[in-house]
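Enquirer: First to last, the sequence lines map onto chains A and B. Using the working numbering, read the first sequence as starting at 1 and increasing by one per residue. Using the working numbering, read the second sequence as starting at 1001 and increasing by one per residue.
In case anyone wonders, no lab produced these hints; they're calculated from the structure. Source: prediction; values computed, not measured. All C-beta atoms, glycine included, are put in the ideal place defined by N, C-alpha and C. Please note that a few of the clues may not be correct.
List time: in silico DMTMM-like cross-link candidates among lysine to aspartate or glutamate, alpha-carbon distance up to 25 angstroms [unchecked claim]:
#, chain 1, residue 1, chain 2, residue 2
1, B, LYS1165, B, GLU1075
2, B, LYS1165, A, GLU38
3, B, LYS1299, B, GLU1075
4, B, LYS1046, A, GLU38
5, A, LYS47, B, ASP1054
6, A, LYS192, B, GLU1075
7, A, LYS192, B, GLU1017
8, A, LYS240, B, GLU1021
9, A, LYS47, B, GLU1021
10, B, LYS1046, A, GLU91
11, A, LYS47, B, ASP1023
These stretches of chain A come out as covered by chain B in the derived footprint (C-beta under 8 angstroms, 3 or more residues) [stated by the list, open to error]:
#, region
12, 28-38
13, 43-55
Each chain is listed here by its residues.
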Amino acid sequence: MSVAIFGATSRIARAVALRWAEDGHAVWIGARDVAEAERIAADVRVKTGVNAVAGAFDAVDMDAHPALVADIEAAVGPLDCAVLAFGDMGELDEDHTDFAAARRVIDVNFTGAASLCEAIATGMAERGAGTLIGVGSVAGDRGRQSNYVYGSAKGAFALYLQGLRNRLFKRGVHVMTVKLGFVDTRMTWGLKTRIPVATPEQAADAIHAAAKRKVDTLYYPPFWRAIMGVIKTIPERAFKRLSL
Amino acid sequence: MTRSQVARPERRAEVFEAFGERDGSGMLAHGLGRSYGDAALLDGGKVVLTRRLDRMLDFDPETGWLRCEAGVSIEDILETFVPRGFFPPVTPGTKFVTVGGALGCDVHGKNHHVDGCWSNHIRNVELLTASGEVVTCDREQEPELFDATVGGMGLTGITLAMDVKLTPIHNPWIAMESVRVENLDHFFEVSAESGGFTHTVSWIDCVKRGQAMGRGIFMRGRHADADEVGHAGALGKLIDVAHPLLAVPLDGPNWLLNNASIRLFNEAYFRKHPKGQKNVLQHYDPFFYPLDVVRDWNKIYGKRGFLQYQLVVPKEGDNAPLRAVLDAITKSGMGSFLAVIKEFGDISNGGLSFPIPGVTLALDFANYGAPLLDLMERLDAIVVEAGGRVYLGKDARVSRATFRRMYPEWEAWKAVRDQWDPSGVFQSDLGRRLGLVGGAA
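The following block holds chain A by itself, in its conformation from the complex (with noise of 0.2 angstroms):
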């Protein structure tokens, strides 16, 4: 048994490494600080016991995506789970002149997503098994002001698992859609919210529970499914004036 975390330095995908390894599975860990990635293999070796490796990995370096997924299986065997745990906000400033800074928010968060899904999957559908888990965000419930670039990008990673899991429902291959609201993360670190926040530990159990259950999509904290219930019931005649 073995799961691939691809953004591996974040707080909540390092629980879901250790969650994954105290279940018997063999580890690979990813991120673009491959020092880092390196430290958490070793926590998660010196915890669990299990064989955990780290490597490197960049959302946006696509061609490379199918032979890294090559080389992971050839390190820790079949992956039975990858999960996408990566994203990236980015600082772009408020009027947006920067396109730049807004192309590479779409491709870590929405093209590298994808693009890694294509690889991950061929295998998963051949061998006919497999959970594929992609973690997304609230924020791509509807486009606001003042997040729209990484939101519409978080939107049409969820759109697209949902057509993946769609197609890979049919060869076995389960597809979750997590998406996070507030955790107490690099993200929303100083964050003045009266909204509950949840820690990473508790999202990563969440997510581990929700995996096992075959969840299709997951809201975390649960919550958040209500409220952005009414958010996404809002009329756009009036959404438009307001200042989400």
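The hints should help you fit chain B onto chain A, whose structure is shown.
Expert: Then chain B, alone, in the frame of chain A:
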């Protein structure tokens, strides 16, 4: 109120980023914030929270050596290693401390008389120093820096990682017994005949005077042998008592802890322990961490909070200084709710490490304000006169002059610190108060 800029690195590179943003206002690493005083505070400066740098990097089951980052907590070590037959070599009375904090305060526990402090089980420290250079120091390589860093109250740099030697155990159980102690002399008798126990501590009733001064409950234990527990206690089949069973939801009213209620509690606690218990098997959790079971236990003191005073004085003669301390407390009418007494061993360390050979007494007081501070000044005088000292990890109020008399090694320590940090990058409120950082004062 203390206000600081706070960074919470999750990647090692982010520590260096935070360090790169230093601006002369001072920097300080901060672990789980369990120091009672101002050791982990830095008003107006930059505080680096190390809690998320908590990766375990290597472990050798043959020797017990664990390499881990500074943000790993004692709780993390217990959760990972008790099921595999290892225990932290030393633990303070709470497991909610990081190894970085344990190193900076050179923490001690119930086994000090046998095993010394945290630093006695550390073979090297990886430190981000003021020049921006990462230095790995040990007892051969940069030994002065190593010596200044253990018990250095975080003022020599930001600890990144260390090697700590875990202790092998057979199971999670402690074979312990409790002995009713009638007074201070009796305490020393029991302490002297407890050589067969690796862990000793005694609760003491601070309200009693005269013949009953120092009455209490002496607890002693050791990690249980393999054949002492049945299969139910075998490794891996643990009862999970690691999570708080109770929580104090709100701040208690200020009147909750007064002399009468403390007297009542002490009487009940003393009587609850019959003549003593023999050979009881107790899970390590209640044995080592009785207060961790009640999350936010400190709230019973209400909004005014509490102060702890922990002292050590050399053991000599009829222990007049210790009697003088207890006498001053009872006379003041400000009862100490939790008081703990223990004999230290002969192991002393470098830095500003607290333990010296002698007797330590830890006293919790509700914050009575000025009268309490006056009392503590009086206790300081007794302690200094006896050649003793207070624990910096729990102190927020001792004066610079008094500190220098308690820790005569401060000057040698500061010379090493200044050599590694001449411009005073690393600071803390405690360091400023005691004149440990920046130029000479």
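Enquirer: Output the numbers, in ascending order, of every earlier hint that fails for this structure.
Expert: 4, 6, 8, 9 and 11
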